[in-house]
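Visitor: Spelled out from the first residue to the last, the chains are:
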Amino acid sequence: MFKDITLGQYYQTDSLLHRLDPRVKLVGTLVYIISLFVVDSFTGYIIAGIFLAAMIVLSNVPVGYIVRGMRAILILLLITMSFNLFLTPGQVIFRIGFLKITREGLAFAIKMAIRLSLLVIGSSLMTLTTTPNQLTDAIESLLGPLKRFRVPVHEIAMMMSIALRFIPILMEETDKIMKAQIARGADFESRNLIKKMKSLVPLLVPLFISAFRRANDLAMAMEARCYRGGAGRTKMKPLVYLGRDRAAYLTLFIYFAVCVAVRVLPLPF
Amino acid sequence: MIKVSKLIHDYIQRDEDGNPSGTIRAIDDVSLDVKPGQFIAILGHNGSGKSTLAKHLNALLFPTEGAVWINGLDTRDQQYLWEIRQTAGMVFQNPDNQIIGQVVEEDVGFGPENMGVPTEEIWERVEESLKAVGMYEYRKKSPNRLSGGQKQRVSIAGVIAMHPRCIVMDEPTAMLDPSGRADVIRAALTLNKGEGITIILITHYMEEAIQADRIFVMDRGRIAMQGSPREIFSRVEEMQELHLDVPQVTLLAHTLRSRGVDIPEGILTSEELARAICPDAK
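Keeping their order, the protein sequence lines are chains A and B. Using my numbering, the letters of the first sequence map in sequence onto residues 11 to 279. Using my numbering, the letters of the second sequence map in sequence onto residues 337 to 618.
Chain B with its partners taken away, still in its complex shape (with noise of 0.2 Å):
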């Protein structure tokens, strides 16, 4: 689905005067292979690339070196670049700045509208998009009058609409309260598992992380660490280092696990803690 093989960005950056004066590596050297109907996940403290990797799977951002293909599309074939962007859904971190229409309804359409979808058609999937992140009977309202986790449904509403075959969120609940963001993950959830479209989730929320298929963590630029949730939350001291946490209750199970309690590395959630430390209870 997604393969990105040897890819490095330099930003460029710039003097007073407008010259080039020197580049930052954003991304150093980084492959990755996703499959379809995949969830992943992208940890990685501030600045370590993984904004930047993001635009790059929606061919926002083009290679300095490397290559990246989208459902086998080159992002660097100007040719192909609106087949990648509606393949590759994305939705941001600001909710507010990314809904384009003044009605919820309006905004959904905007992407089927861009595409040349016929009227009729639009209407539709205007109406199974909004269905799907649970957000129909707003369809009329004003984005305004909606809550941050509202909002980032619509425009996630506004991605499906296009029908894309993965959706890459940077950061969606970054500056949302507690229970709009489970509902935006949860909305996610449901279109991974009920639809089968691929998920990159790039996070700073290790909760959210837990559900994925597979974790990357990027530092610096460059891939740290890969695997299932188990197998990178077991590595705490590794995480700690690289300035990430790691979910409370597995640190939690890491602190017992040192201090001599029998229990398993990798605990994710407190039913598993529970299990690991009394087998017998109920």
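Looking at chain A on its own, in the form it has when it is part of the complex (with noise of 0.2 Å):
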């Protein structure tokens, strides 16, 4: 059952936006987490709602899969709006017992959650059309000029990668120990805390000792596969900027500006 989880939440289809340099794509959504901090009002929010739907309908991701990822979210979405809506104060429009609703409150948690979905859709966009290992690569390669501080950045890369393919096989082996444990008698159902946190010693300690050899192993078979670092290495995918690639950073450039305009330039409403 385990092998085949999907990490991240890739979904595979083939699209522009799945085609793209992931580097695009992960400089793509921190410029758009900025600008929906840095457009502030409804027509802002206008733009960058249009932006996103654009890129939904580019990704060919279904909107049905996008729209029950948030579910995830729904309740934290309610609590801030909630916060917002009854404790900002301002001219009052609404009462109910004690809570009061007031203008700028309404305005406030609305603006809020269209933020707050905006930015998660956003960023979940992203993982839904890039895959771990593309994003590993992204960052890598991103990060690259750090190596002059003398940042491991191959090394950083690499272990999230080894995570990334251990994760499927340390989660197939909790569970095998798991059962093997249910069979000798362990309680893994109790509701009690304390106890529920005594019976997952029996489960962590083989899980870290078989992590431990694993480890083991496979730094021998690198080593016997003549890795030695970062440093002279080729790269069998290397990351190559495309023209389609360009024509998405200019696309970025011109969203940026426009919503930098929004906030600057005194519209009218």
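No lab work stands behind these hints, which were simulated from the structure alone. Every value quoted in this text rests on a predicted model; they were computed, and no experiment measured them. By construction, the Cβ of each residue, glycine as well, lies at the ideal position given by its N, Cα and C atoms. Any given hint might turn out to be false.
Said to hold, decoys possible - In silico lysine-lysine, BS3-like type, Cα no more than 25 Å apart, as pairs:
(1) A:K205 - A:K121
(2) B:K339 - B:K391
(3) A:K245 - B:K467
(4) A:K189 - A:K208
(5) B:K339 - B:K371
(6) A:K208 - A:K186
(7) B:K467 - B:K477
(8) A:K186 - A:K206
(9) A:K121 - A:K110
(10) B:K477 - A:K186
(11) B:K371 - B:K529
(12) B:K476 - A:K245
(13) A:K245 - B:K477
(14) B:K476 - A:K247
(15) A:K189 - A:K206
(16) B:K371 - B:K391
(17) A:K186 - A:K205
(18) A:K189 - A:K205
(19) B:K342 - B:K371
(20) B:K477 - A:K247
(21) B:K467 - A:K247
Said to hold, decoys possible - Derived, one-sided and incomplete: chain A residues facing chain B with beta-carbon distance under 10 Å:
(22) T137
(23) T244
(24) F263
Claimed, not checked - Chain B is nowhere near these chain A residues, computed Cβ spacing over 12 Å in every case:
(25) I106
(26) M168
(27) I179
(28) N202
(29) M230
Using the hints, put the two chains back together into the complex; each one sits in its own frame.
Guide: Rendered as structure tokens:
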């Protein structure tokens, strides 16, 4: 069952957004998040919304799939909204008992909700169209300049990608150990928190031992295959910017410029 | 191709504080010579030193005394380290713990990437290596979705992609089911006969050793027996003293012979036995 686990939440299909260089998508997501904090008016949110909608259309990911991912933050969204709604001082327009809704609070809550939704959809669109592997590559490439300051960028990326590779393996192993311990009478179902913590010991100890043994084996296998860090290494799948990636950067720049303009220029609404 | 001369390897034992408290001699005065293109099997029960020997052939361990030469290069010389590891590739026992890539083709490309092979050539090597082990259709798959035998063939492809002259396989079939085992051995034989790559197969399974050109039997760090499969498996009692089995057909033939049936010693396959018992049958 763990073999089918998808990390992140990559949605397998072919689209312009899937084919884009992962670096563009990573930078794009960052810029988009920043832009959401730059704009502060409904006009701005409409622009951001249209931009995001266009991206979703380009991504070929079904809207329903994205909306389903939003359910996870629904509670967070409701809590923030109600706080803003009831606790912002200003001109009262509605009152139930001691709770009062102000005009400012209403506007603020709506803005907050829009901002948060756009933010979550925007960043999940990146993970939906980029495999964790590509993301690791993008991070390695974008952080490349830090190598000059002795930041072990290649090593960090390698660790990330090994971690990603071993998560399903270790989950399977956890499952196996759990079943073995249950067969010997271990109780993982207890509702008592302390008991529950205690029951994790016979699970975690063998899991850690096994993980260390695997790490040792893997290190040996990597050395046997001539691994000696990032220096002198070539890439099987190097990241190369194509025309579409440059176009995407340009689009991104224009979008951001518009966002800044909306914020700075005195608009009538 | 491979020359091992009076090799001794000591593991240092440490007490709980990490101070050396003694040594264990894992390999004791082993000498052997392997010619290019040979298929060698190394047999031995647990703790006989065969895995330690294998790690010496890939310069993952270094001699305490004696020397190992791979293709004329001394493993003690650090300057040849990467060349040796590239010449003598290594396949390990646990398929999960030696696959690094998250996609089959990326894993096969890992070795060449480390060697600094240009991108286009990596792709060529990956393609030919995966085809050589019959895993080309699986190149876009995640290793986690493959069976044990398939994973082990991917590991072999990962080694072939480095264009080695020799592949050392340290019990590659120990964790596999019978069909996976057969696939891996078939892949090894194809590489040996087709490409002329020297294969050193370390194994528990006597059936796999039958196909070898030469067998070394290790016991307590020493080479206890060596010879062709027929010679080795003729010495049934000696093998049993070393806690090793002989193939079941060989054992049956040996028992029949000791009860007075007139058949030769060292029968390796059921066809041979059938012919020996009943020479006139088709």
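Visitor: Taking the hints in turn, state whether each one holds.
Guide: Here's how the hints hold up against the structure:
1. A:K205 - A:K121: violated (45 Å)
2. B:K339 - B:K391: Within the cut-off at roughly 14 Å; holds.
3. A:K245 - B:K467: holds (21 Å)
4. A:K189 - A:K208: holds (17 Å)
5. B:K339 - B:K371: With Cα atoms ~9 Å apart, K339 of chain B and K371 of chain B stay inside 25 Å; holds.
6. A:K208 - A:K186: It holds: about 19 Å lies between the C-alpha atoms, which stays within 25 Å.
7. B:K467 - B:K477: With a Cα-Cα distance of about 15 Å, the restraint between K467 of chain B and K477 of chain B holds, given a limit of 25 Å.
8. A:K186 - A:K206: holds (18 Å)
9. A:K121 - A:K110: Status holds; Cα separation ~18 Å.
10. B:K477 - A:K186: Distance of about 24 Å is within 25 Å: holds.
11. B:K371 - B:K529: Judged against 25 Å, a Cα distance of about 14 Å means the pair holds.
12. B:K476 - A:K245: With Cα atoms ~17 Å apart, K476 of chain B and K245 of chain A stay inside 25 Å; holds.
13. A:K245 - B:K477: holds (19 Å)
14. B:K476 - A:K247: holds (13 Å)
15. A:K189 - A:K206: Given that 25 Å is the threshold and the Cα spacing comes to 16 Å, the pair holds.
16. B:K371 - B:K391: holds (19 Å)
17. A:K186 - A:K205: holds (21 Å)
18. A:K189 - A:K205: holds (18 Å)
19. B:K342 - B:K371: Satisfied, since the Cα-Cα distance of roughly 18 Å is no more than 25 Å.
20. B:K477 - A:K247: Distance of about 16 Å is within 25 Å: holds.
21. B:K467 - A:K247: holds (20 Å)
22. T137: Check failed: Cβ of T137 of chain A comes no nearer than 15 Å to chain B, outside 10 Å.
23. T244: holds (5 Å)
24. F263: Cβ of F263 of chain A sits 30 Å from chain B, so the hint is violated.
25. I106: holds (54 Å)
26. M168: violated (9 Å)
27. I179: violated (6 Å)
28. N202: The claim holds: N202 of chain A sits with its nearest Cβ about 35 Å from chain B, beyond 12 Å.
29. M230: violated (6 Å)
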